[in-house]
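Engineer: Take these sequences, add in the hints, and give me the full structure.
Going down the list, the sequences are from chains A and B.
Per my numbering, the very first residue in the first sequence carries number 1; after that it's consecutive.
Per my numbering, the very first residue in the second sequence carries number 1; after that it's consecutive.
Keep in mind the hints are simulated off the structure, nothing from the lab.
It cannot be assumed that every hint is accurate.
Derived DSSO-like pairs (lysine-lysine); straight-line CA-CA distance at most 27 Å [what the hints assert, rightly or not]:
(1) A:Lys117 with B:Lys149
(2) B:Lys272 with B:Lys262
(3) B:Lys179 with A:Lys117
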Amino acid sequence: MSLDFQIFCKSTFDDTYSPRCFGEFFQFGQGTGDPTYLDWLLTAWGWTIAVSALALFIALLIGITIGTLRTISNETVLSKVLIFFSNAWVELFRNIPVLVQVFLWYHVIPMLIPALKNFPSFLLVSIALGFFTSARIAEQMKAGIFSLPKGQRMAAQSLGMTKVQTYRYVLLPMAMRIVIPPLTSECMNIVKNSAVAFAVSVSELTLFAMQTQEETSKGIEMYLGVTALYIVTAFTVNRVMALIERKTCIPGFIATSSQGSH
Amino acid sequence: MKPSKLVQVILFSTTLVGIVCASQAGTMEKIAETKTITMGVRDSSGALSYTLGDGKYTGFHVEICKRVIADLEKKLKTSLKVEYQPVTSQNRIPLVQNGTVDLECGSTTNNATRQKDVSFAVTTYVEEVRIAVKADSNITSIAQLVNKKVATTTGTTSVQLLRKHERANGVNFEEIFGKDHADSFLLLESGRADAFVMDGSILAGNIANAKNPKDFKIVGEVLSVEPIAIMMRKDAPALFKTEVDNSIKAMMKDGTLAKMYKQWFQDPIPPKGNRVGLDLSDNTKNAWANPNDKPAEDYVKK
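Structural biologist: Following this line, the structure appears as structure tokens:
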């Protein structure tokens with residue numbers, strides 16, 4: 001069986017081959033050529049990155065907050081409520097499979113909140129993926145904060161720091177460094193999990209692969225192209241996280257591994 | 001070159017030739033030798049091929065294949081063991097090419113690209129791509145879909161068809177993709193889409209299974225026709241294809257096929273006793289009157 005990579009230069013409308021593989025992509029609609037499968041592949045890649053990036057942003061924001069909330073001491077009524085809420089958040093979003101969550105966000109929740117019906121599916125799927133991942137990041141955050149010696153919290157408070165200051169200046173800076181390796185895996189996972197977006201008609205890489213292999217009968221080439229882009233994306237995330245880990249590490253302290261991530 | 005090396009090269013190349021020849025041995029010989037035939041089936045290709053659970057398969061195409069195999073048994077004067085191999089859109093062609101599946105009885109469109117890789121029996125069913133809408137909508141043709149949301153299923157040729165149609169006629173509609181046919185139908189049912197464009201038999205099947213089948217109707221012009229046929233390996237000696245074709249042609253002639261069509265597309269079918277309710281189209285009638293294995297491209301040219 002021979003592979004035919006020329007297929008990427010083929011027009012998505014008819015059986016012609018574009019003289020340049022980038023039929024339209026770099027000309028921004030000047031209409032000199034039909035979009036080729038390569039153009040489509042790159043657009044699909046853009047969607048994968050967009051979903052992953054937005055979901056990651058949501059996941060980090062909520063995950064770090066919720067994870068931190070789970071470690072506060074339950075002395076006041078407010079803190080008890082916050083702890084209950086954050087525990088419930090993690091249990092809810094961690095225990096429902098991600099594909100089911102995507103469907104709930106797309107089909108069920110808009111039934112209850114009609115305003116969501118007008119939201120583009122790209123946003124809904126990013127929220128679903130972000131919330132799913134936030135529960136996992138929250139667990140890692142909690143573990144990271146609890147892994148710090150008790151003395152650190154006590155020392156900060158004996159210096160007269162408030163609770164917020166204790167977290168802001170002592171606990172979080174340390175815990176954030178500790179969780180970078182598992183966080184790297186989570187960031188790479190989000191790229192992989194972004195494939196669920198195809199289920200709600202975001203035309204990302206997985207949808208591209210499923211669609212084009214049927215249209216062109218060149219499934220192996222299409223899946224190879226898509227696989228390469230997933231590898232590039234996940235590996236870039238991995239290297240960026242490794243760089244952050246290296247730049248932020250404190251010499252002589254925990255989490256100073258020189259071999260990079262996870 | 002030293003003689004020993006020359007011998008090696010000759011041995012190696014003859015082995016290669018041997019392998020190539022072995023893989024080209026006819027399906028007929030293989031079946032006669034192993035007394036086994038593997039049938040490719042689909043889990044949910046509407047009334048054409050579907051599972052009853054428990055490893056049992058039935059449907060219009062599956063039943064045709066069973067009769068073809070019965071004819072092959074007569075021809076070979078031996079009984080054959082029939083094995084079922086469930087296939088998907090993604091793996092059906094490779095599985096036929098590499099010899100895992102001898103007779104694919106799913107819902108495969110016969111087109112020119114595929115004819116380079118596999119052979120097709122004479123067309124037994126001509127699929128028509130149509131539009132399903134809610135019964136209370138006023139949509140009756142594709143021209144009325146301008147600026148409407150149109151659902152179709154990822155991984156089908158209907159997506160490509162819509163895209164081409166959109167460009168050729170300058171009509172603009174928003175496409176949304178269901179991950180499978182049930183999902184696309186849900187998009188129409190829940191009002192997220194105004195229409196669902198797909199093969200007529202799939203539309204009819206989904207409507208038959210809906211909560212209120214009367215809420216939906218199939219409307220509009222036929223957007224495309226696709227000959228669906230039983231797929232088999234490209235055989236060096238075309239003996240197998242001839243046998244399969246003859247068996248099907250005989251069924252077309254004596255009216256067996258028409259009876260089977262009625263049984264699967266108009267009468268209640270197992271397991272739930274639903275009715276697909278799809279009339280025999282002129283295109284399918286034509287294909288039976290003039291048996292042929294023309295690819296989909298030839299239908300467009302007309």
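Engineer: Would you mind marking each hint as holding or not holding in the structure?
Structural biologist: Hints versus structure:
1. Restraint check: the Cα-Cα separation between Lys117 of chain A and Lys149 of chain B comes to about 13 Å, which is no more than 27 Å; the hinted pair holds.
2. Note on Lys272 of chain B and Lys262 of chain B: the hinted pairing holds, with a Cα-Cα distance of about 17 Å set against a maximum of 27 Å.
3. Between Lys179 of chain B and Lys117 of chain A the CA atoms are separated by roughly 19 Å; this keeps the pair inside 27 Å, and the hint holds.
When held up to the earlier numbered hints, the structure conflicts with none and fits them all.
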